[in-house]
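For reference, the chains in residue letters:
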Amino acid sequence: MILVDLDALASCLTSPACLVTQTTSGLIIGMLLFLVAVGLTLIFGVLKVVNFSHGAFYMFGAYFAMTAYQLTGSFALAILSGAVGTALLGLIFERAFMSRVYGRDVLMQLLVCYAFVLIFDDVVRMIWGPEFRSMGMPAAFQVPPLFIAGGVVPPYYLLLIGVALAAAVVLGLGLARSRIGKVIRAAAHNPGMVSALGINTGLIYGGVFALGGMLAGLAGALAAPVRSLTPGMGFSVLIESFIVTVIGGMGSILGALIGALLIGLIRSFGSLGFPLFTEGLMYLFMVIVLVSRPTGLFGKEVA
Amino acid sequence: MLEVEKVNAAGGLAGRQIEMVIRDSKGQPQEAARIARELVNTDGCEMLLDGEASSGSFAVHEVARDLGVLCIHTCSEASSLTADPKQHIPNAFRCVRQGIHDSIVGAGYAAGIAKAKSLKKWATCSPDYAYGRDTTGEFVLYLKKFAPDVEIISESWPKLFQPDYTEVVTKILQAKPQALYSCLWGGDLTSYIDQANIYAMFNQMEVFAVNMADYTALTVVKNLPKGIHSGDRYIKTFPPTPENAAWGDAYRAKYNEYPTNWSWQNATAVMFLNEAVKKVNSTDGKKVAEALTGLTIKCPFGADGTVTMRADDHTLVGYAIGWGTTIPQEPYVPDVKAGDWKTIFELEAEWKKSKGYT
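If you're matching them up, the sequences are chains A and B in order.
Heads up: the first sequence begins at 1 in our numbering, then just goes up one per residue.
Heads up: the second sequence begins at 1 in our numbering, then just goes up one per residue.
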């Protein structure tokens, strides 16, 4: 049994073909994770709740996309319905339930979220059945992979990385430059003042939650052609997203991006050098970050 | 249930109608043990059909040992459940395919192809838990025995129910093996195939996936690659007999889906019970158990039209077992090469000796 295989890792790091393949593999894991984690961090940043049920939106995104794809045969529509469907769901969920537990005990918030993890899983079971499902790769992407410098890169993953990157840029610029972005940041900083200025904070909270849900749904829809769909598929993604937000710093979008990419690269290169310790590597990294910077790489000191 | 209805329609077991009391342990061994006890003590059940995976089946087995109730295991493929003499009790039987049988047949089949195509460099990729480790270990053991110049150059052990296998896929591609063995199953296997597909992995190596040829996996994968080698789980065209095809169609007509590996095993268990009860004309557990021991019955899933409940270790033998390659549409596995039970028996006996079981 091979515990540590540094030779494999070293020979990969010196071969351009291997570098290209493993880096893209790390990027796609990272970018999907980023989409889920950024929603989580955004919701925490503004609403100050840890949305433990966030994985469910990833799951619903995938199932919505599969159903839309089966009905229409259009991949673009599938992605769109994954994103829009979960945005709506997020809005309803926030207005009907989450808005009632703001400012309450953290335990209370956790319990409500956990209840919905179970409820959402059962809803999926009732609608789509308990068996695993598969959406299938759209015909346009059933093409041989590209070879870049000898490395293997599937075209679908280029699309996936592109869409996720575009979402990151739009989100980052939107929050930094646009008026709505400024209001959201203001609401995160001082909600009392924002509402005193006559801005409807309920609307902002609902909108942010919907946006977070939409990003997770987008990730689910993008993942649907390559991952099997099961009730409960959101859970493992949620755990990794938490690791990402802890590493990057809760509430930081740049942190979520860097954290997600680091986790992706740790997985892809770690599986070469430490085949039996890839998971452990992730947690080890998290511990190191937490010990040296308890607020995460890009987290602000809590006032 | 299909079989139970047949038996009941024909007058039941020794004139008594079968009543099914169905409980769900949610995969928890301690819950399985509790439920099994309750079924016997409170609900008054006289026979247990145990559909637990390996973990729970050992728990139910202990309950059967304690209560002396007749028990037929219909799911656990872990060889030690019946091969280990410490587990042996007169009132429990296993009506299931077995890990060691699958490994012997699979490795024999794979070694044949390895020699013909001179596949020397192999990689493995299996889920990281007892079943994955044991099955892969046994497969490799026999593969090397049948084809001594085979070498394992890369091993991957993804977690059970891991959503993304990209890093495993690319790692295997880097290692450039000529063949890959995997005992991933269910949703994990279909995820893996979807993700490996877009890296065109299946054009670059021969893939041996023991759990591919089960209708649940075959019908879910949308872009099933051609030419994956797989063991038979349940395929209505293997054994290629009218009886088997008719059974598969009847099942599909009733439930609107194809039978699984577990379907034929449970059906066979009921067939065994029916024959054993007829033989002794009694539903007394002890008498039925005696009749079951060494019983051979006609069965659509038998390699030669019959299956036997072997007397010395109370386990099913003679069932149809084989490997073939998949195609993306029905019949999915057009040409299954049957395993040879004579070889299985010889190697199984050696294996038991090496484990200290005999």
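Everything labelled a hint here was simulated from the structure, so no lab data went into it.
There may be inaccurate statements among the hints.
Far from chain B, by Cβ distances over 12 Å, these chain A residues were calculated [to be verified]:
| id | residue |
| --- | --- |
| 1 | Ala17 |
| 2 | Thr21 |
| 3 | Phe44 |
| 4 | Phe116 |
| 5 | Gly136 |
| 6 | Ala188 |
| 7 | Leu229 |
| 8 | Thr230 |
| 9 | Phe242 |
| 10 | Leu290 |
Here chain B is said to cover these stretches of chain A; the calculated rule only asks that three of the stretch's residues, wherever they fall, bring their Cβ under 8 Å from a Cβ of chain B [to be verified]:
| id | stretch |
| --- | --- |
| 11 | 98-110 |
| 12 | 122-135 |
| 13 | 139-146 |
| 14 | 259-271 |
Which residues of chain B face chain A? A few of them, derived with a C-beta cut under 10 Å, are [unchecked claim]:
| id | residue |
| --- | --- |
| 15 | Tyr131 |
| 16 | Lys171 |
| 17 | Ala175 |
| 18 | Thr190 |
| 19 | Tyr192 |
| 20 | Asn197 |
| 21 | Val220 |
| 22 | Val221 |
| 23 | Gly294 |
| 24 | Leu295 |
| 25 | Thr343 |
Only a predicted model underlies this, so the values are computations on that prediction, with no experimental measurement involved.
C-beta: ideal position from N, C-alpha, C; glycine also.
Results for each hint:
1. With a minimum CB-CB distance of about 8 Å to chain B, A/Ala17 fails to clear the 12 Å threshold, and the non-interface call is violated.
2. Annotated as non-interface, A/Thr21 brings its C-beta within 12 Å of a C-beta of chain B; the closest such distance is 5 Å.
3. The beta carbon of A/Phe44 sits about 23 Å from the closest Cβ of chain B, which is more than 12 Å, so the claim that it is off the interface holds.
4. With a least CB separation of 20 Å from chain B, A/Phe116 remains clear of the 12 Å interface cut-off, as annotated.
5. The claim that A/Gly136 is not at the interface with chain B is violated, since a C-beta of that chain comes within 12 Å of its own (minimum 3 Å).
6. Non-interface call for A/Ala188 relative to chain B: holds, since the shortest CB-CB distance, roughly 31 Å, exceeds 12 Å.
7. The beta carbon of A/Leu229 sits about 8 Å from the closest Cβ of chain B, which is not more than 12 Å, so the claim that it is off the interface is violated.
8. Listed as outside the interface, A/Thr230 is inconsistent with that label: its C-beta sits roughly 5 Å from the nearest C-beta of chain B, within the 12 Å cut-off.
9. Annotated as non-interface, A/Phe242 keeps its C-beta farther than 12 Å from every C-beta of chain B; the closest such distance is 15 Å.
10. The beta carbon of A/Leu290 is kept farther than 12 Å from every beta carbon of chain B, the shortest such distance being approximately 23 Å.
11. Counting residues of the stretch 98-110 of chain A whose CB lies closer than 8 Å to any CB of chain B gives 0, which falls below the minimum of 3, so the coverage claim is violated.
12. Counting residues of the stretch 122-135 of chain A whose CB falls under 8 Å from any CB of chain B gives 5; the rule of at least 3 is met.
13. Counting residues of the stretch 139-146 of chain A whose CB lies closer than 8 Å to any CB of chain B gives 4, which reaches the minimum of 3, so the coverage claim holds.
14. Counting residues of the stretch 259-271 of chain A whose C-beta sits closer than 8 Å to any C-beta of chain B gives 4, which meets the bar of three, so the coverage hint holds.
15. This hint is violated: B/Tyr131 has a C-beta 17 Å from the nearest C-beta of chain A, more than the 10 Å allowed.
16. At a threshold of 10 Å, the smallest CB-CB gap from B/Lys171 to chain A is about 5 Å, leaving the interface hint in force.
17. Checking B/Ala175 against chain A: minimum C-beta separation of about 8 Å stays under 10 Å; hint holds.
18. Evaluation of the B/Thr190 hint against chain A yields a held restraint, the C-beta minimum of about 5 Å falling below 10 Å.
19. Against a cut-off of 10 Å between C-beta atoms, the interface hint on B/Tyr192 holds, since the closest Cβ of chain A lies about 9 Å away.
20. Residue-level restraint check for B/Asn197 holds (minimum Cβ-Cβ distance to chain A is 7 Å; threshold 10 Å).
21. With a cut of 10 Å, the hint placing B/Val220 at the interface with chain A holds, because the nearest CB-to-CB distance is about 5 Å.
22. Among the interface hints, the one on B/Val221 holds; its C-beta lies about 6 Å from the nearest C-beta in chain A, closer than the 10 Å criterion.
23. With its C-beta approaching chain A no nearer than about 38 Å, B/Gly294 sits outside the 10 Å limit, and its interface hint is violated.
24. Look at B/Leu295: its Cβ only gets to about 34 Å from chain A, farther than 10 Å, so that hint breaks.
25. The closest approach between the C-beta of B/Thr343 and any C-beta of chain A is roughly 29 Å, which is over the 10 Å cut-off, so the hint fails.
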